[in-house]
Amino acid sequence: MKQKIEELIRQAVQTLKAQGVLGPEIIPNIAVERTRDAQHGDFASNLALALAKQAKANPRQLAEKIISALPWHEAVYKVELAGPGFINFFINSDSQHQIIRQIHNEGREFGLSKAGAGQKVQVEFVSANPTGPLHVGHGRGAAYGSAVADLLQAVGFEVQREYYVNDAGRQMDILAASIWLRYLEECREIVHFPSNGYRGDYVREIARDIHKKTGNEYRRPLEVVLGDLPPDEPQGGDKEIYIDAIVERTKALLGPLLYRDFFQVGLDTILEDIRIDLKEFGVDYQEWFSERRLMDDGSVERALERLRAGGHLYEQDGATWFASSRLGDEKDRVVVRENGQSTYFASDIAYHMNKLDRGFDRIINVWGADHHGYIPRVRAAMQALGAEESRLNVLLVQFATLYRGEEKVQMSTRSGEFVTLRQLRNEVGKDAARFFYVLRRSEQHMDFDLKLATSKSNENPVFYVQYAYARVCSVLRQLDEKGWERNLLSGMENLDLLTEEHEINIVGTLARYPEILERAALQYEPHQLIHYLRELANDFHTYYNAHQFLVEDARIRDARLNLIGAVKQVLSNGLGLLNISTPESM
RNA sequence: GCGCCCGUAGCUCAGCUGGAUAGAGCGCAGCCCUCCGGAGGCUGAGGUCAGAGGUUCGAAUCCUCUCGGGCGCGCCA
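Under this note's numbering, the first residue of the first sequence carries the number 1007, and numbering increases by one thereafter.
Among the hints, a few may not be true.
Stated by the list, open to error - Pairs of lysine-lysine, PhoX-like flavour, derived with a Cα cap of 20 Å:
| no. | residue 1 | residue 2 |
| --- | --- | --- |
| 1 | LYS1010 | LYS1126 |
| 2 | LYS1084 | LYS1071 |
| 3 | LYS1062 | LYS1023 |
| 4 | LYS1023 | LYS1084 |
| 5 | LYS1008 | LYS1059 |
| 6 | LYS1059 | LYS1071 |
| 7 | LYS1414 | LYS1436 |
| 8 | LYS1010 | LYS1084 |
| 9 | LYS1245 | LYS1257 |
| 10 | LYS1285 | LYS1436 |
| 11 | LYS1008 | LYS1126 |
Quick caveat, the hints were computed from the structure, so don't treat them as lab data.
The structure presented is a predicted model; accordingly, all values stated were derived computationally and were not measured.
Construct the entire structure; sequences and hints are all you get.
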């Protein structure tokens, strides 16, 4: 409908140009919007206001001319000039009602579009270090990232969801060492646990499992383990130096092969846990991409070679630097350290080169807000690799500050003090958790009150929408109990009996769904869909309270049932897209 | 100090990329069918859109500055 009106206006502009009222140089930006107020009709255009200056004309007079040049269309029964120069369009109810037929015919397909057809897009999200279970802080990225991916798919993109596994590097070594020390405790050794080690209970559990399976195979004499080490922080030393020494000691005493085993068990256990967690949260990845693989198969070297060939690398102070400041970064970055090891950033350059090689038209990275400083250097790398910068989209998700009632909850993976995503899901369920996370704009800082989220009550907005769905189902059940049969065809033929204000309102809301979906997808803003679903639910609840659907008059009854059937379909489509269930009774 | 995000009702947040009288939920004060599910609906109170300038027919929205909050500025990942 919107497109039709835009087309009408375009024709009017052509006519005016032909008549010389508008100069040929004028390029109109035709914007048609749905009105907020029914008094302003169904659609409105501000074209006259926007063109007034260019055309050097009074906006109201210009609007007048546009209106008179508009071709006739059967769906439009009235066009009005209003306010400072708005052109308001009134659509006849017959055309409006078409949407109910369309929803019924298209069913689950209703709202899907082909806006992104033929384009491959990759969405990388969560990608938390596998050094511990996912906590509620990761939940927002998981819910947001998967919603963005699902929306893009709904509007026709070919979508690949990916998790980048940081299975190399210092943090993983610290984890392995932490597990080993806990393992020694299982062997009844009294170990001084490093202040900077991973203290969570899950570390102990992994150690216990290893000990159960292998006995004392990895045990080493305690004097050798802890002898001759620099002091830890509580003893007046530096915790970073101490933990590095512990890692070195672990590697030395276990030897490369056993260390590798040990490391691998820790990684596999935690990664498996993350996989299950995300799966149960309704997140389905097509690819788990290993950082270590990039290092092992020479991708990192190849990436650096490519940068070197382009003249982007130089040596200084024994290290190799990427001249990113020439490409918009605030300073140059080290890619190979003085000790010969490549940095995390070097892996990331290789990773992005790999993404480019895989041929994605769009690369979307969903990152936590604390990574924003990292964006310019990745963009620089993309440029240096010869890629168009616009292919990369970094979506930052702001942190959720956790509260338990009034009290702020502190979280840290290292100290083991955190609320896991699993705990949250167990307490509120997947539906409420996902809904809650996606309710807000991703750039918006969010206060996440665990007490409120875990209160399984009417304060939880997801129930409101699900309840609307359940109510429709309930009405349809009641129909049987009253011994009536639904006549779909008759309902469609009698849609013109839907003349109540509430009914007209719902029809208008239903018609907006495809537009909302497309906008939410293209702008990466799933919260728009959530807000729409709440609005639709609200329209329905209001209608429900104001009118009886199961009335004696079969024609009205069938028409109303078709209307609420359409509501049911759209609620189901929208919630389904967000991976939120639609219970038929609650 | 520099950079990114944010500031809208008592609280948590929308506001369709510059449109017409700034909206929801929670909380508060009332009210609603012996009738399809009251996890619902309706009415009301509550706002200097942080503040000050600017851009224009028109600003919560764009620009500048100030104030306030969050985050980031490693040869960590």
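Quick rundown of the hints versus the structure:
As the CA atoms of LYS1010 and LYS1126 are separated by approximately 30 Å, the hinted pair breaks the 20 Å bound. For the hint linking LYS1084 to LYS1071, the alpha-carbon distance of about 15 Å falls within 20 Å, and the restraint holds. As the CA atoms of LYS1062 and LYS1023 are separated by approximately 14 Å, the hinted pair is consistent with the 20 Å bound. Distance hint between LYS1023 and LYS1084 is unfulfilled; the C-alpha atoms sit about 24 Å from each other, more than 20 Å.
Distance hint between LYS1008 and LYS1059 is unfulfilled; the C-alpha atoms sit about 25 Å from each other, more than 20 Å. In summary, the hint linking LYS1059 to LYS1071 is supported, as the alpha carbons are separated by about 15 Å, within the 20 Å threshold. Of the pairs offered as hints, the one joining LYS1414 and LYS1436 is violated, with about 23 Å between alpha carbons and a cut-off of 20 Å exceeded. Note on LYS1010 and LYS1084: the hinted pairing holds, with a Cα-Cα distance of about 15 Å set against a maximum of 20 Å.
Taken as a hint, the LYS1245 and LYS1257 pair is honoured in the structure, with Cα atoms around 18 Å apart against an allowance of 20 Å. As the CA atoms of LYS1285 and LYS1436 are separated by approximately 11 Å, the hinted pair is consistent with the 20 Å bound. The suggested pairing of LYS1008 with LYS1126 is violated, with an alpha-carbon distance near 28 Å, which exceeds 20 Å.
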